[in-house]
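Trainee: Residue strings, one per chain:
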Amino acid sequence: MIVLTDIAKQYGRVRANDSISLTLEPGRIYALVGENGAGKSTLMRILAGHTVPDSGTIAVRGASHARLTPALAASLGVGMLYQDPLDFPALPVWENFRLGGTARTRVQVVDKLGELSNHLGVCFLPDEPIAALTVGERQLLELLRLLDLGATTLILDEPTTGITPEQKRSLFGLLTRLAREENHTVVLVTHKLSEALEMADAIFVMRQGRLVSRLETPCGEDELVRLMFGEAVDRAGDVPPVSAPQTRRMVLDRAVFAGPKYHLGPLNIAAAPGEMIGLAGLDGSGQELFLRGLCGLDRLAEGGLELDGRRFERNDFKTLHKAGVHFVPADRMSQALFPDLSIREHILLAFPDQAARLEEFRREQCEGRFNLRAHPDTPAKSLSGGNQQRLLLSLIPDGAPLLLMEHPTRGLDAGSSLQVWEHLRERCRDGATIFFFSPDLDEVIEHSHRVLVFYDRMLVADVPRAQATVETLGALMAGKNLEAWHAA
Amino acid sequence: MPRSAWLEQTLWMLAAPALALALTVLVALPSGAPPLQTLQVLLLGGLGSMSKFGQVLTVFVPLMLCAAGLLVPFTARLWNIGIEGQVVLGAIFCTGALMPFDQGGPAHIALALAAGMLGGALWALLAGVLKTWGRVHEIFSGLGLNFVAMGLTIWLIFGPWKRPGVASMSGTETLDMSLWLDRMGRLASSWTALALAAAALVMVAVLLTRTQWGLSLKAVGQNPKAARLFDLSPRRRMLQAFALCGALGGLAGAVQVLGVYHRLLPSISSGYGYTALLVGMMASFRILPVPFICLFFAVLNVGSIQLPLQLNLDSSFSGVIQGLMVLSVFATQGLRAWLIRRREGC
Chain A
17 MIVLTDIAKQ YGRVRANDSI SLTLEPGRIY ALVGENGAGK STLMRILAGH
67 TVPDSGTIAV RGASHARLTP ALAASLGVGM LYQDPLDFPA LPVWENFRLG
117 GTARTRVQVV DKLGELSNHL GVCFLPDEPI AALTVGERQL LELLRLLDLG
167 ATTLILDEPT TGITPEQKRS LFGLLTRLAR EENHTVVLVT HKLSEALEMA
217 DAIFVMRQGR LVSRLETPCG EDELVRLMFG EAVDRAGDVP PVSAPQTRRM
267 VLDRAVFAGP KYHLGPLNIA AAPGEMIGLA GLDGSGQELF LRGLCGLDRL
317 AEGGLELDGR RFERNDFKTL HKAGVHFVPA DRMSQALFPD LSIREHILLA
367 FPDQAARLEE FRREQCEGRF NLRAHPDTPA KSLSGGNQQR LLLSLIPDGA
417 PLLLMEHPTR GLDAGSSLQV WEHLRERCRD GATIFFFSPD LDEVIEHSHR
467 VLVFYDRMLV ADVPRAQATV ETLGALMAGK NLEAWHAA
Chain B
219 MPRSAWLEQT LWMLAAPALA LALTVLVALP SGAPPLQTLQ VLLLGGLGSM
269 SKFGQVLTVF VPLMLCAAGL LVPFTARLWN IGIEGQVVLG AIFCTGALMP
319 FDQGGPAHIA LALAAGMLGG ALWALLAGVL KTWGRVHEIF SGLGLNFVAM
369 GLTIWLIFGP WKRPGVASMS GTETLDMSLW LDRMGRLASS WTALALAAAA
419 LVMVAVLLTR TQWGLSLKAV GQNPKAARLF DLSPRRRMLQ AFALCGALGG
469 LAGAVQVLGV YHRLLPSISS GYGYTALLVG MMASFRILPV PFICLFFAVL
519 NVGSIQLPLQ LNLDSSFSGV IQGLMVLSVF ATQGLRAWLI RRREGC
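As they're listed, the protein sequences go chains A and B. Counting in the working numbering, the first sequence runs from 17 upward without gaps. Counting in the working numbering, the second sequence runs from 219 upward without gaps.
Keep in mind that the hints are not guaranteed to be accurate.
Stated by the list, open to error - In the DSS-like style, the derived pairs of lysine-lysine whose C-alpha atoms are separated by at most 27 Å in a straight line are:
1. A:Lys208 <-> A:Lys184
2. B:Lys443 <-> A:Lys277
3. A:Lys208 <-> A:Lys128
4. A:Lys397 <-> B:Lys443
5. A:Lys496 <-> A:Lys184
6. A:Lys334 <-> B:Lys380
7. A:Lys277 <-> A:Lys496
8. A:Lys338 <-> B:Lys443
9. A:Lys277 <-> A:Lys334
10. A:Lys208 <-> A:Lys496
Quick caveat, the hints were computed from the structure, so don't treat them as lab data.
Excised from the complex, chain B in its bound form (with noise of 0.2 Å):
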């Protein structure tokens, strides 16, 4: 690339976090907070001592297990926006799985994975299948699957599962502590967690990008109708998408109650399946990106727990910056297709 291609690109890079600085600052003025204080305050919540990097850790994992997943349908372009479904799959088929069990050890805790891991790829199936054979749009059917998946766990907690003599939003009975995953140190995070999530990325990546079905994948979805001329059985290759999706969205929801809650809450996916669908979106859908976006996010949202205690504004301001983020990746990039367009003059 000449250098001057290669300046334009990076400015262009630079273009899209500085427009969403830009718009930080608008969104933060009307609620008298100073707005580089705020950036300040989030990134050090996020970063500024080893405990903290640990709990970025622990929302790290699960983003980065979704993000990781969705590359997989949206390379078939699929929007498996019912990840957050997925999630709370997982962990419920995490938590059944573990039901009979008082105790246990390193067994019991893959199976449970296992089971996560079947629970989401399950219910991805269910959009898979309506979008292949039933003509439903997945994003309609992920949306309304996340509603039902968020009723079955209240249903559950408040009903079959409810602890013995409480039923509250505060979840099933915790589980035994030999039923945990394991901790780093005195951190939040675990290592078989963190082990996880990179074999995650490497595995998609390396199924993307290196083998035959990632390539039949790619042409399924840019054009349907000439991967049935070329006998790639597209529907059976978009199920194939979504289960793999679906199986990652619900390890992430396993890691939710086996690594940080150790039970099953009303809110296990904490917003992660939408989150990573951002993460995805600000990535446009390229591999290299998406772990440091899934940090970056991690930070964001670890550090606005400390928005409402030393700056009094409400912790979704965080929600509110990485929106801002997305949206500002794609005005610069329109923009930039819009500048190149007019160049070439049609």
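Excised from the complex, chain A in its bound form (with noise of 0.2 Å):
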């Protein structure tokens, strides 16, 4: 039993922890659930002994700490598996095994590691790098890997993020097993409600660093809705019809991108004007690859490229940034942004011919369309990752043709969401097409006209909005029924 009490802890002025006190029981399954920036991952990273915290105490089996090391939490059978899995993609999988473990020999870890497997119900080959492997792969090895360490008590922090719904089945049910029969603790860290409803014996709610409730399953979707977000959260609208379905904004002609490891093509896809295309698949399916291809970031081996009637046999980056395609990936702070840099350089190396009027230019932009409101001078490192976003959105110029979305709502609260989802639909009524990519399906269902679906680097649907369900995709995403649905 691990027992926290009173735990807290500040960073600068936000209190990312206030006072959390709460019981963890062996043999149950809890799900501490969010908003992002909630306190949930400094809460986790407490107990895992990667934060000190400011003041409580953490009480494992009876004996209580003030604060715990990495390895003594592991020693007390505290094991985090991270939304990111922690492991070394060179190293073969009973390498990446053994690590943090004691000295053995590859018999040994071999051994153990099959005995494992074949106990949970899991199989791996010893000598397979990690980077041959899914990401839902590598969450089983990680977990098996802290078994093997002792753990048991198990956090995973977002584990169903970039997993098919299948993956997810076989963790969530290997988790039960874990619980039911061994008597582990495991603590489900996320923001999808319906995995906390699903699995958890008890829900424990954060909003804004506080414990505000514990409760016992099963409850109401609403009433957890309402604990998590304070009052009730509008949910966008439909997406707005396409206006000129007819019209060619942007066509591939029997085009293949070259990326750095793989190609993908021949594509042919038109798209209209105004129209929003999500695109799904697994984590190395492709999808990145199409939207770095498209802005000019990946060669364009081979086939064309149309834009507005203009066709382009080079996909050269410069080129299609002056004809308005704009690309903003995923992972932000390292590659769209410059840490150092202020608000202001940022609109001023984004708009160079804004100079003269550049800090009307800026209010008008940042704070009035997109109420942006953080000092011009603030680093983008210390801006949030919804204020990141929304200056990286105000730095494309209107009437850009075609946005290249990867991920836009990664890392940021239901609120900022729902803005960026409406600026993008704002766009879209404006006439732009928009490409997203996103690993929620949901989201990618809600907010398209049709589903681009990518499997094993290749294009293998175009699914309209009226067929896009969770299974259908899910399937298509993992590579089932692509015959079935090629057929009909």
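Take the two lone chains, each set in its own frame, and fit them into one complex as the hints suggest.
Mentor: As structure tokens, then:
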């Protein structure tokens, strides 16, 4: 049994955790839910020994600690599975499995891995490199590694991001068995309420650094939503209809994109102005290359690209950028922003011709239209995820015909996400064509006129809105039902 | 800034020289030299008389030119360690440009200075192209090119450009007096050279802090991937930064030839390129402290000539002190950052 008492942690003026007390009992599954920035991760990092709390105690099986270190937490049986698996892609499975454990020979490691895999009903090839595994498999391996290290309390941070619905079911099945049969404690950190309701025996709800409630399941989703967000959140309306579906804004004609690792294509696609097209696929299925190729960051090896009737044989980034193709990567800080440059400097870089009336322009663009309420001298690295995305969107000129968004709501809270989608819809109404990718299928379905599904570095299906359901898309993403789909 | 914060800032700034002093004493002790007297000899050796101060200025000029130049690539987070070779190439091009002339005037001098800048810029572009198109890290290519430049000088001095009859380490034939830079009265330094150094600093400062180009360069340094998305042509910017730095390094080499040695020598750069890198590091590549650190290092350099004469110490001791100063700055900065991190507890 683990008892957290009055845990507090402050970052600058932000109270990430405000005197939180909770008890975790063995053999039970807990869900910790809350918006981004509610303090879930901080609390779990404190429990895993990665963050030192300002005050409070952590009692594990009766022994009380003011702080834990990662090694101490591991020895107490606390194991944490991060959203992005903390493994070493270049190493084979068995070497990853051995990491952090005692020194053992290869034979011992492989035996142990086999024993655990067999026991839990999974399968790994010891010599396969991690890079060849899917995110779901990597998570399972990480889980096995934690169990091998003696973990009895398993913390999983957003474990279902980027895995197929099927992999999710097998992961949840495994977790249930670990809790029920082996008496392990499982903590699921998530912002997806359906998962919390499906899995957990008890749900902790956090909001703005405080633990606002502990609910026993079953409980109503409405109540949970109300607790999480404080007040009811309006859902965005339906996607606006495409005004001129026959017009061709963008055409790919037998286009092959060549990425650093693989080729994608030949692709034949057309998109109309005002169309929002969602991309679905597991990590590395080709949707990344599709977006990067469309904007010219990766090479167009064969075929042609047409934009508003103008044909490009080469997808030169500069030319396309001038023609109004804009790409916004998911990893905003490391790929799209300059960490130490201010908001003002970003605007100056994106709109050099506005230098003369910079301040006025900034106020109109950032504050007036995007509600970016931060001092213009704030460096990008100090902005919240939502403000970073607002800044990036405000840097795209009006009337840009083609927007390529890679997971536009990554790391944003519900309010900011809603704002981002409203903005993107407005651009669509004004005639922009938007391609976007999101690992969250619900989000893809909600905001697309149609969905392009990628599987195994191929575009496998173009699904109209009416037929886009989680089941259909999930199956296509996993490479199932392809023949049936194409036959129909 | 509140008063306590200001006080803390000052204390931290003083911590670095204090640490350097302590380390210097530690190094001086085994050689049997009285540490404080050593420092006194160093400072007086550089500032004790007008003629010594003239010497200091002749060291200050190339240091300043190189350090000002290095600020540019560093803004793009490039370590132009090849600056040493760029100084050498500047000297070679300068000497080469004057080869056809037995005597001349300001026009010839201007031509020679321009040639020096061209030589340095081309040598720097070589490292730049290797970096941007060949994926060779600029530190490796720069270091390699430094050795090549050194070899090139020696080949020229002992080969095609040797003095009639004698080829020796003392260099090529001396330039005609009409091709020398002007003198500051009876001092060793020259007004032209000093003006060039000052102009370089001002130009670099304006370029980096007041222009769109400077902002773009900063952006490229912060995040080349984002710079690509902003259509800032990161490669071209990097090459421009290399070329500009190389041109200033080459100018330093040309000044060495025209104003100091009046010929091409094997060690024409006197290691000023490397010293300028130390200056840049000590200033954390901020513009304001650069001229002061350059002056200070120049004083140490000139003062160190007195060490063997007065204290029987090797003159390389000033290099030891310069190194210790840079180390101390890093050590105190690191300590401070560590303390702040620990206070915030992450």
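Trainee: Are A:Lys496 and A:Lys184 close enough, with their CA atoms no more than 27 Å apart?
Mentor: holds, 16 Å
Trainee: Verify the proposed pairing of A:Lys208 with A:Lys496, using a straight-line Cα cut of 27 Å.
Mentor: holds, 25 Å
Trainee: Need the status of pair B:Lys443, A:Lys277: alpha-carbon distance at most 27 Å?
Mentor: holds, 18 Å
Trainee: Straight-line Cα separation of A:Lys277 and A:Lys334 no greater than 27 Å?
Mentor: Distance ~23 Å between A:Lys277 and A:Lys334 Cα, so the pair holds.
Trainee: Is A:Lys208 close enough to A:Lys128, meaning Cα to Cα at most 27 Å?
Mentor: Answer violated: A:Lys208 to A:Lys128 is near 34 Å, above 27 Å.
Trainee: Are the Cα atoms of A:Lys334 and B:Lys380 separated by 27 Å or less?
Mentor: Violated. A:Lys334 to B:Lys380 sits at ~51 Å, over the 27 Å cutoff.
Trainee: Given the proposed pairing of A:Lys208 with A:Lys184, does the C-alpha separation stay at or below 27 Å?
Mentor: At roughly 13 Å apart (the allowed maximum being 27 Å), A:Lys184 and A:Lys208 satisfy the hint.
Trainee: Taken at face value, is the distance from the CA of A:Lys496 to the CA of A:Lys277 at most 27 Å?
Mentor: holds, 24 Å
Trainee: Run the distance test for A:Lys338 versus B:Lys443: straight-line Cα separation, threshold 27 Å.
Mentor: holds, 18 Å
Trainee: Decide if the proposed pair is consistent with the structure: A:Lys397 and B:Lys443, CA atoms, cutoff 27 Å inclusive.
Mentor: OK: A:Lys397 and B:Lys443 at ~16 Å, within 27 Å.
Violated hints for the displayed structure, listed by number in ascending order: 3, 6.
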